[in-house]
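Colleague: Here is what each chain is made of, one letter per residue.
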Amino acid sequence: MTTVTIAKIGSHPTVSYACDELRRLLKAMDRRLLIDERKYSAYDENVNNVIFVGLSPFVSESELDDEILIDINDGQGLISGANHRAVLIAAYRFMRELGCRWLRPGDDGEIIPKRTLDKAALNVSVRETPSTRYRCIAIEGASMFEHVKNMLEWIPRVGMNAYYTQKLAPMSFFRTWYSHRYNPFKEAEPFEYSFAEASNERMEEEIAKRSLCRFAVGHGWTQFPYGIMYDSVSDINSTILTEEYKSAFAEINGERILFNGKTNFTQLCYSNPEVRRKMTEFTVNFCRENPNINVIRYILADGMNNYCECENCRTMRPADWYMTLLNDLDEGLTKAGLDTKISFVIYVDLLWPPEKIKLKNPDRFLMNLSPSSRTFTRPLSQHRRDPDTIELPPYVQNKLDFPRDVDVIIAFYNAWRRWIPECKCVTLDYHLMWDHYLDPGYTECARILHADCTRLERLAFDGFISCQEQRCAYPTGLPMFAMAAALWDKSSKFEDVCADYYEAAFGKDGEAVSKYLSEISRLFDPSFMRNDHKEAHIDVMERMDAIDALVDSFFVSHIKKNKDVNMSWTYLYSHAKYCKMYAELVRCYASEDESAIEAQTKAFTEYHFSLEDETHSVLDNFFFDEVYQRWIKRVFANKPTTVDF
Amino acid sequence: MFTLRICRIGSHKTVNFAVVELARYLKKIDSRLPIDRTLRQGYDEDNSLYLYVGLSDKVAYNKHKDEIFIDVNNGVGIITAANERGVLIAVYRFLRELGCRFIRPGEDGDIIPKRRLTAADLTVSVHETPSVKDRIICIEGCPIYEHVQNVIDWIPKNGMNGYYIQYNNPIFYPERWYTHTYDEHSVPEPYSSEDSAGYKAMLDEELAKRSLVYYAVGHGWTHFPFGIETVVKSEDDPRLTEEYKSYLAEINGVRGFYQGAHFKTQLCYSNPKVREIITDAAVKYAKEHPEVDLLRFALGDGFNNYCECESCRKMRPADHLMIILNELDEKLTREGLDVRVSFPIYVDLIWPPEKVKLKNPARFYQNLSPSSRTYSKPLYELDRDPDSIELPPYVQNKLTIPSDTETLIAFYKKWQEWTGCECIIYDYHLFWDHFLDVGYTEISKLIHKDATGLSRLNFVGYTSCQPQSCSFPTGLPMYVMAHGFWNKDSVFEDVTKEYYEAAFGERAEEVEGYLTELSRLFNRAFIRNDVTPCHKAVTDRMEAAIRLIDETEAAHLWNVGDEADSFKYLYYHGEYMKRYAKLVLLAAKPDTEAFEAAKKELMEYHFANQAELHTVLDGFSWARVYNTMLSKLFANEPENNPDFL
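Protein chains in written order, with numbering that gives the first Met the number 0: chain R, 0 to 644; chain X, 0 to 644.
For reference, chain R alone in the conformation it holds in the complex (with noise of 0.2 Å):
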C-alpha cells in the first residue's frame, strides 16, 4: 500500500484548491492509494517523505509568468510555481506527466488512466515556463454558468491561466442560451437581468479560486457613463437616453443619431473634452471598485465606420482620439494610485495607427490586435508578402474596407508599434468564434490555430485571447487542446499534439480517428467554405458525395461499435449523421434548388438541435446555426470561377 502525503505550504485558497484537486486524481487514478494532508507555513527540507505544494524558494515569485517548477522523486519532493495560479497549473502537469489529459471542458473530456500508484510511479522532474505570457479565453457564445464553469475548470488544467468576462455581465450570452433562439423544440425561457449580474460574482468566485489572470470589460466604456450598462438601447425615443448622451452621440451626415440603431454601435464625438471627462471619471471609478480585474480592455463602440465627422473630431483620426482618451485615463487613474493595466484595440477603423498622439505612459497599456476580418486559411505570421514593404492603404473616414489578407493586417499591427514601440502586444483572435463551424472535422483549424499560437513571438505578442464560444468541442477538442500546448510551448509539434490528443480520446483506434476527422476536414474544405476560393459546383457535388461515403464506411468499422465507449466516441456517433446532413446542405446549395434548400436546412437544424440534451457541453447550438446558415449563402452567391480545387 502506497501512502502520499500531500503538504500544503500556506493556506492560499488557490494552493489548498491545487491540493484539492491533487487528492481527486490521484485517487480516481488509483482508488487504494492512500492520501495523507498536512499544512506547513513554509517549504521545510527537513520534512521527508511528503510532496510539498506551494510557493518554495525554490521558484523566483512572479505575478505575470507562470514558471512551474516539478521534481518529485519516489513520491516525495516538491510542487512549485512562481505564483499562486502558477502551483495549480504545476498540480495539473504533475497529472499530465502521470498520463491524465483534459481533452475538452466538462467532466466528459477528464481522461484519467486507472493504474496502481507505487513510489516508484511517481517520479516526475519538470522547470518550465510558459512560451507566452497571457494565455486567455474570453466568454463568447450562448452560454450559462455551467459552460462558463467548465472553461475555468479546464483553463490551468492545460496550463492556460486566463479569462476574459467581457462586459459588465455576461447579460447577452446567458439570455442568447434561454431565449433557445432558432431551436424549434424549446421555447424562449424567462431571463432576469439581475440572473446574469449576479452570475458575474460566481464567475469572479471561480477565477479568484483559480487565481487565474482577469481579462474584463471591452466595448461598452461609450454608453456605461451615461447610465446604460447592460443592452444595447435601440429605442432613440427612450427616455434611458437623456439629452446629455445624444448630445454626445458621433455626428455621421450631419446627425448625430444612434448608428445602426444601436446605443453599443454608437461612437461617441471624442473630440468634446466634456466627453472624455465622463469616460475617463467612469473608467477610474470601476477600475477603483473592481480591484480583482488584472486587465481592463477599453474599448469603443462596436461596428465600423461609425466615427464622429465633426469639425473637431476629423482634424484627427480616430487612433488618435483614441490615444488622448488613454491619456486622460493613464492620468486619472494615476492620480487615483491605481495600477490597473489597460488593454487598448487595433480594431477595423482602429487598424489605421495614429498620426498625432503619443502615449504618454505606455507601461500602463497592452496593445491588442483583434483581427476580426482576418482570413483563416493561413496562419498570422505566414507572409505572401513582406508587410514592411506594403503601402497600407490611405484613411478615409468612414468609408473604410477592412483587410481581409494577414499580410495586409501585420502591415497595420507594424505601424502600431512602430508609433509605440515600447507598449506590450497581444492579440485577441477568432478561430473558434465562427470559422470553425467551416471545418466540420477540426483538424484543419487546429492546425491553422496551433500554428498561430505556436509563432506569437515572430509577431512579439505576449499574449493571445481567445475569443470563442465557451461549447466548442464536437466532434473534438483538439483545437482547443492544440492551442493551449502551443500557448505553453512553442515549440510544440502540432502532429504530436494530435497524436497524444487521439491516442487520449479514441484509445487504440485515434490514429484511425485522426484520418478520418482530418478526411473530413479536408473534404469540407474550409478554405472553399470562408470563400477564400470559388470552384465548380460539380466539383463541390463530387466532394460531399465523397464525404458520405467516408462516414458509411467509418460508421460501420469504427464508430458504431464504440459509440458507448467514452463520450468522445458518443459524440462522433452524433458528429457523423451531423457531417451527411451538413454535406447535403452544401449540396443543395450547389444545386441551386430552393425548395430543397429550405427543407435541408429545416432538417438540418432539426437534427442538430434534436441532439442539445447530448451535446450542450461541446456544440453551441445556436452560434453554429447562425454561422453556418449565413456562410454558405455567402459561398454560393457567385458563380464560381475556377475548377482549381
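The hints are simulated quantities; they were obtained by calculation from the structure and are not laboratory data.
Certain hints may be false.
Which chain R residues face chain X? A few, computed with CB under 7 Å, are given here [to be verified]:
(1) M0
(2) R37
(3) D64
(4) F194
(5) E203
(6) H615
Backbone N, C-alpha and C fix where the C-beta goes; we use that ideal spot for every residue, glycine too.
Use these hints to put chain X onto chain R, whose structure you have.
Modeller: Structure of chain X alone, referenced to chain R:
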C-alpha cells in the same frame, strides 16, 4: 431537457459548498443535465425561476438546531435550514430523496442512481428537525487525513452535525498509522508533532467548510499547559521540569507518572497554582480557537490515579473538578468568551461531587462517558429502577467501575441532580465492541436503540468515540446510528432494508440473512466473555460459520469487481472470518502452538490486505481488540451454558 437554475443565497462558504455538492451529485445522477448557477443576497419567494439554496425566512435562524426545510416543485423552490450547516444537511437530504445513499465514509460509499432527470423528478418536500441536537463523531483509531476527511465528509450526508478532534495536538492517531503498531512486517516511519499540527490544520479547514459543530481537546489539560504534547519516553526528558513534577498527583506517597504514562497522570488539583495554570491554558486555547464550539475539559486518563495528598483527600475528585470548572467559567466570562465547556462523568468521576456546586451550569455540558458499560443491551433498557440502587461507596483509588447500565444510570442521575446541566453522552459502541459482532447486525440494533432512546435519559447529544474506518463488513452501524439521531421514531428494520438495498441491490435480503447468521454464530456475548459456553457448543458454531462462508463463496455471491465494493468487502470479510473461526476452534483446545500459529496467520492476513480495506477497517484498532479479546477467550473453565445456543 430543462436547465436547472440554482440560486445560492448569500456568500457563506458552507452554503457555497452545499451548492457545489448539489450540482456535483445531480451531475452524477444525470451528467447531461444543464445546471446554471447564480446568487442573490436574499430569498425571493415570488420569483419562481430558481432552486434557491441558503438561509431564508422560511426557517428561524438557530445556531444549534438543524431544522431543515425543502420545498421543491419541478426543479424550483427552496432548500433551506436554521443555519448554514443545516443547509448543507438539507442539500444531502434532497439528494437522498432523489435516491442517493451514503452507506459508508469514503467515495466508494456513495450510491448514486444514474438516470435522466426531468423537472418533475426534482420535486421534494421535507420539513424536519433532528431528534438529537449534537450528533458527533470523535477521532479514534489510527487515521491519517484521508480517513478523517472521509468521515467529516460523510457526517452531514447522513444528517449528523459535529466532529470531535481529541487533544490539542492529535498526534496519537496518525502516529499509530506511521509507526505500524501491531504490524510486524512494516518499518515504523518518522512522524513529528509538527506533522500532526499540520494534519489538524487541514482537518480544521474541512470542518469549517461544512460549519460542523467543532468539539475539541478532552484529555491533555494535565500536560500540554506544561509543554508536553508528545509521549514522554524517559525521565530525563528535558520537558519534565521540577515544577511540573511537583504538580503531579501523589500516589502512595510519591509524585510521579502513573503507570509511566504522562497522559494517565492526574495533578494535585487542590494546589491553586495547578488550577491556575490549567485554567489559564484553557482560556488561552478558547481565545485562540474561536472556531471551537464545544471545549471538552477532561482531566488525566486512566483510573484510580487521583492525588492522595492531604489537601486533595478532603474532597472527591468530582468536587475538585467542580472547583476547576468554576474558576474556568469565571475567567472565560471575564474574557467575554461564550464557548461551551463539556466535562466528563468518567471512571473515578462517576462518583458525583458532594461539596462544590457549579456556579454557572449554562456554561457547561455534563458528559456521561460510560466506558465500562456492557453493550449487551441499550442504556435505557433498565432491569432495575436506578433510583432504588444504592451507589457503591467512593474509596479513593480503590474503585471498581460498574459495567451494569442500571448502576451507571444511577450515578448519572445523581450528577444530573447535583449540577442541573444539559447532558450529552460520549459512547463507545464502535470503539471496540463492534469488532466482536462479526456480522455487524447485533451492534447495529443496539446502537440504533441507544440513538433513538437518548431523550429517555435526557441526553441532548451523542459523541461516537470510534475508529474512523469501521464499515467492515458493512457501514450499517454508522448508518443506523445517524438515522437514529435524526429521527427517534425511525424503525430499525426500515433503515436496515434501505441500507442493504442500496449496498447490495437485489441480493439485499440474501446478504442480510448471511450476516445475521454470522452474527448469531459468533455470538458476541461469548466473544466478549459475557457468557462462557462449553467447548462443544463453540466448536459446532465455528464449524457452522466456516461452512456458511464456504457455501456462500461457492455460490458466487460475491462479485469482487471494482464496481461492487460492498460485495468486495464481504468477500474479504468471509476470508477473515474463516481464519477467525479456526482460531476460536483452536482456542478451545489445549494446543498453544497451533493457536499462536493461527493467530499469527490471521494477523498477517489482516495487515496484508490493508491496502484494500483501510477505509473500512482500522488496522490498529482491530488488531488491538482481537489481541485483547483472544487472550480472554476460554480464560475460565467453560460451562455448559444453554443460553449460548
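Colleague: Output the numbers, in ascending order, of every earlier hint that fails for this structure.
Modeller: Hints 3 and 5 are the ones this structure does not satisfy, whereas the remaining hints hold.
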